[in-house]
Amino acid sequence: MFGVMRVINLAHGSIAILAAYVVWSLAEGLEISPFLALLAVMPIMALSGWLLQRAVLERGLRSGQLVPLLSTFGLAVVIDNLLFEKYGADTRSLAPNVGDLAFESWNLTDDIAVGQLAVLTFAVAVLLLGGLHLFLGRTTLGCAIRATTEDPDTAELVGINSRKVYAIAAAIALVTVALAGTFLGMRAAFDPYAGPAQLIFAFEAVVIGGPGSLWGTLWGGIILGVTQNLGSQISPQGFLIAGHVVFLLILTVRLLVNSSDLLRWVGSRLRLSE
Amino acid sequence: MSLLEVRDLDARHGLLQAVRGVSLTIEEGEIFALVGANGAGKTTLLRTIAGAHTPTAGSIRFDGADVSGMRSFKRVQMGIAMVPEGRRLFTGLTVEENLKVAGASCREGAWDMERVLTSFPLLRGCLKRRGGDLSGGQQQATAIGRALMTNPRVLLLDEVSLGLAPIAVDQVYDSLRNVIAGGATIVLVEQELGRALLVATRVACMLEGRIVLDGKTGDFTREQITEAYFGLRRVGSQG
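These protein sequence lines map, in sequence, to chains A and B. Residues 1 to 274, numbered by the numbering used here, are exactly what the first sequence covers, in order. Residues 1001 to 1239, numbered by the numbering used here, are exactly what the second sequence covers, in order.
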């Protein structure tokens, strides 16, 4: 979503971890399901997104592209260290709070089993991206968001309040970040400084899939995740390396081959094979 | 009361003062042609009226209300719409979306999708095509249609014939006549004097940021306007 807004948000990972901590606090403190806690956190994150856009990014954008980038970097440092101050260095996880879901799986055959949480995560990701895709493509507000990101000055000239549109986009973006953080927390463990590492994965997924494309991002995430897990099969340290290698490979190919030509080529192949 | 009243307007691009103390009034129903050479300040004046450019001095009143400090989307909602130079379509949106997105948050009025398509029949065939895939004439028609969808009380048109094939210019002007026949108020910036004079009821000429000639179209001969256009008389009187 920030890709849609053409703002590079270096605090993306940190905000996801922040959301995971807030969900964890609610789930532990009130002894409720993390999913319920997430429902409560989502509107708070939407409001934070609105404020972040109006108070920080919008002011930054007036002084050029670099200032919002730097402010999100600063924000990431602030969030990481505030989390450290509040929660300490202990590693947390939401897995204990979701009970059996954390380790239950469905056996497809005797040899292949898929984790229920993994399937749920994937389904939510697909639904979220599909929903966003429909929202951006079909609704008037979605159109206004696309128009504004393309040319904010002209959008204003046809009666669109570009500041409001950006703030709505930022609110939606942070809701998706909250979802991401919560699912990360359920699947794995997190600590206050886990944000930047997640940011790298997010960036790699976006770049592999092609910036500005929602479905591309999903594909990027799948490619990255599968490669990482194949890498860890080869060597325990292969997890990160394999991910980075495939990212660099695809980045190189993208730089060498015009991506739209490539897509057209792939598209024509697919049509031939049908 | 005039519909649009500009008083002592100054506008700058950094150190360059593009508009110098311009005052003009536009009445409801006028077709006002603003002519002048490249760099005379026509586009900046139009953009300042629309709110896309911030003036350094002077005031703009619309329908009696001071709109000088108002953001452009609010001015659109009051009824000032602009077709920017170079058309500036949303290239990733289809023609239909370009039109709809403009009509969404604006004044109620006579203009809707159907009426735009009736006035610009060449758009009917390409509603589902993206703004970036259109010919120049179709793009210009979409841009004007997009502005009309906001139901403007005054329509600011910047360089509608720029970069278009002559036949496309004819089509766009034919369609504009439909719009004018519907009783629109239009401010038209045009470098092509002949075309501007054909449709306009009033003409003003800008030279180096100032208005050097302003009056009913019939009050001037073409030669007088040409002189003002190039600043001949002024140079002559100085020499």
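I should point out that these hints are in silico values taken from the structure, not numbers from a laboratory. Bear in mind the structure is a predicted one, so any value in this text is a computation, not a measurement. Please note that the accuracy of each hint is not assured.
Stated by the list, open to error - Straight line, CA to CA, 30 angstroms or less: simulated DSSO-like cross-link-like pairs of lysine-lysine:
1) B:Lys1074 to B:Lys1128
2) B:Lys1074 to B:Lys1100
3) A:Lys164 to B:Lys1128
4) B:Lys1128 to B:Lys1100
5) B:Lys1074 to A:Lys164
6) A:Lys164 to B:Lys1100
As the list claims (entries may be wrong) - To be clear about the criterion: a stretch of chain A counts as covered by chain B if any three or more of its residues have a C-beta under 8 angstroms from a C-beta of chain B, and this derived list gives those stretches:
7) 136–145
8) 166–173
Stated by the list, open to error - Okay, the calculated beta carbon distance ranges per label pair:
9) B:Gly1092 to A:Ala189: 19 to 29 angstroms
10) A:Gly74 to B:Thr1056: 49 to 59 angstroms
11) B:Leu1127 to A:Ala102: 33 to 43 angstroms
Quick reminder that beta carbons are idealized off the backbone N, C-alpha and C, glycines included.
Okay, the hints, checked on the actual structure:
1. B:Lys1074 to B:Lys1128: holds, 29 angstroms
2. B:Lys1074 to B:Lys1100: Holds, at roughly 18 angstroms.
3. A:Lys164 to B:Lys1128: holds, 27 angstroms
4. B:Lys1128 to B:Lys1100: holds, 12 angstroms
5. B:Lys1074 to A:Lys164: holds, 12 angstroms
6. A:Lys164 to B:Lys1100: Within the cut-off at roughly 18 angstroms; holds.
7. 136–145: holds (count 3)
8. 166–173: violated (count 0)
9. B:Gly1092 to A:Ala189: 19 to 29 angstroms: Given a distance of about 41 angstroms, which is not inside 19 to 29 angstroms, the answer is violated.
10. A:Gly74 to B:Thr1056: 49 to 59 angstroms: Check failed, 34 angstroms falls outside 49 to 59 angstroms.
11. B:Leu1127 to A:Ala102: 33 to 43 angstroms: Between Leu1127 (chain B) and Ala102 (chain A), where Cβ atoms are some 51 angstroms apart, the hint is violated.
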